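These protein sequences, in sequence, are chains A and B.
When you line the first sequence up against numbering that gives the first Met the number 0, it's residues 0 to 267, in that order.
When you line the second sequence up against numbering that gives the first Met the number 0, it's residues 0 to 168, in that order.
Everything labelled a hint here was simulated from the structure, so no lab data went into it.
Careful: at least some of the hints might be erroneous.
What the hints assert, rightly or not - Using 25 Å as the maximum straight-line C-alpha spacing, the simulated DSS-like pairs for lysine-lysine come out as follows:
| id | chain 1 | residue 1 | chain 2 | residue 2 |
| --- | --- | --- | --- | --- |
| 1 | A | LYS77 | A | LYS94 |
| 2 | A | LYS50 | B | LYS161 |
| 3 | B | LYS61 | B | LYS146 |
| 4 | B | LYS146 | B | LYS161 |
| 5 | B | LYS47 | A | LYS50 |
| 6 | B | LYS161 | A | LYS90 |
| 7 | B | LYS63 | B | LYS101 |
| 8 | A | LYS244 | A | LYS260 |
| 9 | B | LYS100 | B | LYS146 |
| 10 | A | LYS39 | A | LYS50 |
| 11 | A | LYS50 | A | LYS94 |
| 12 | B | LYS161 | A | LYS101 |
| 13 | B | LYS138 | A | LYS50 |
| 14 | A | LYS94 | B | LYS161 |
| 15 | B | LYS137 | A | LYS50 |
| 16 | B | LYS138 | B | LYS161 |
| 17 | B | LYS148 | B | LYS138 |
| 18 | B | LYS137 | B | LYS47 |
| 19 | A | LYS261 | A | LYS244 |
| 20 | B | LYS106 | B | LYS148 |
| 21 | A | LYS261 | A | LYS188 |
Source: prediction; values computed, not measured.
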Amino acid sequence: MKLLFKIALLLLPFSVFAGMMNFTVSPAIVKFETVQGSVKAFDLNFFNQGKDSLQIVVEVMDLTLDAHGVPVITNASKKSHQWARYVELSKDSFKVDASESKSVHVTLKTPRGKLGGGYFAISFNATEVASKKTRKPSQNTMSIGGQLPSLFIGEISRTGTRKAVVTSANINKAPYTSEHPLKLRYLVKNIGTTHINVDGDILLRDGKKVLDRVRLESGSGLILPEGSRYFTGSWQKANNHTGKKVLAEARFSYPSGRLIKKLEFSVP
Amino acid sequence: MKLSLASSKLALLLISIIPSLVLSTGEAKIDVRVQADIHSSMHMQWQKLSERDERYQQARVKLKMESDWILLPYGLYVELQTNDVNKMVALRIDDLISTDKKRTITKDQFYISINGGELYSAIEDLPLLSPNDRGVMKKQILLFILKVKPSNYAGSYAANFKFITNTLP
Chain A
0 MKLLFKIALL
10 LLPFSVFAGM
20 MNFTVSPAIV
30 KFETVQGSVK
40 AFDLNFFNQG
50 KDSLQIVVEV
60 MDLTLDAHGV
70 PVITNASKKS
80 HQWARYVELS
90 KDSFKVDASE
100 SKSVHVTLKT
110 PRGKLGGGYF
120 AISFNATEVA
130 SKKTRKPSQN
140 TMSIGGQLPS
150 LFIGEISRTG
160 TRKAVVTSAN
170 INKAPYTSEH
180 PLKLRYLVKN
190 IGTTHINVDG
200 DILLRDGKKV
210 LDRVRLESGS
220 GLILPEGSRY
230 FTGSWQKANN
240 HTGKKVLAEA
250 RFSYPSGRLI
260 KKLEFSVP
Chain B
0 MKLSLASSKL
10 ALLLISIIPS
20 LVLSTGEAKI
30 DVRVQADIHS
40 SMHMQWQKLS
50 ERDERYQQAR
60 VKLKMESDWI
70 LLPYGLYVEL
80 QTNDVNKMVA
90 LRIDDLISTD
100 KKRTITKDQF
110 YISINGGELY
120 SAIEDLPLLS
130 PNDRGVMKKQ
140 ILLFILKVKP
150 SNYAGSYAAN
160 FKFITNTLP
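Make the full structure from the sequences, and use the hints.
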C-alpha cells in the first residue's frame, strides 16, 4: 500500500511549479472613524511590480489579531465587531498586467445600532496568469499563489468603551543567561467595545528599593475587542540579584485607562 | 502694482540666472532637496526543486525522518524580500484533494521542513519572513513530508500552496 502511494505521489505533475510575484496593495492599513448609518468610501490600489500578469480575486473577510498581534483573516461572519457583511466592492476579480496598477472601490455602509469598533479585511489573492496558460489540463493539479490584505480598523465615533484586564502573568524557567534572560510575560485582554493601543513597563522592587525598570514589548500594542495580546519584558540583570525576593509591578496604560499587575518571585 | 510686477520680473530673472551663475563660478556643490514616497513592497519568487537538484539533496541529508514518513520527491526554493518592517509572510497549505475530488488527505498529515531543519505541521501557517528580516533577501528550501495513514488511498492529489502576507497593525 505504502509503495503504491509513493509511486502515485511521484506522478504528481510539478513541472510548471515556478514563478515570481512582486506586488503591493496600498494602503495596507486603513484606520477610520464613522457614524451610524453613514456611507464611507475607500480606494485601494493594487500595483503589480512583477514581470508577469496576475489574476486577482478580491474578498471581504473578517479581521482579528492573535495573541502576538498578527492579523488573522478568516471568512466573513456575523460575529460582533466584524463588519465584512456591510462592505461592497466595485470588483471582485481582475487581471493586472506587469507594471500596471488597478483600483478597487470599497464602500462601507456603517451599521445602525452598533457601538464601538468594527473591523474587516480586503484580501487580494494573486495567481500567475502566465503559468496557467502553459498548463496542460492533465497537469492542472498544483497551484501556488499569494495573499495580501488591506486591513480596516474602524470605530463609530465616541461610542466605544475602553477597558482591559490582565488575564495571566508568568516567568520563564531558569537558568538565566544573556541569551536566555529572565522574561516576564503578561496576557492582556480587551474587554471593552473598541480597540485599544496598550503600552507598558515593569518596575522591579526589593522591598522599597527599586532594582530595575523594564519595558514591555508588544509591537504597536493594538488589541481588538474580545482579543488578547502578550506583553513581554526581558530582565537582563536578574543574575545580579540571585536569592532576592522581587516584586514585579507591571503597569499598563491605554487611552482613558490604566492597569497594574503585581507578581512576586524569587530570583533563583 | 508696478512694484509687484517689477518684483516678480526680478524674481523670474534671478530664478533663470542663478543656476548659470552657480555653474559659472565653478561651485561643485548645489543643495537639492528631493522628496520621495517609498511604497511598501513584497517580492516573492519560487522554483520547483526536483529530487536530483543539488539544493534538494543538501537539505535532505540534514533531515531527520521517522520510518513511516514519506519525503515527497520535490521541494520548493523560495525567495522572499520586503522593505516593510511591519510585513510578514507565511506559507499556507490546504488539504490535498484527489484529482477526481473523491478523496482527501488532511493537512494534519503534512509537514514542512525549512532547509532540512525541524518539521513544522501544516495545520498552521508556517512563518517564512518576519519583521526582523526587513530588507534581507531570504532564500529557503522547503521539503514536504507526509505521514501516511492506512486509510489513505493511492492516487494523484492536488495541492494548493499560498503565501500569506500580513501587515502588523
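Exercise for review: Compare the structure with the hints numbered earlier in the document and write down the numbers of the violated ones, lowest to highest.
Suggested key: Structure breaks hints 1, 7, 10 and 17.
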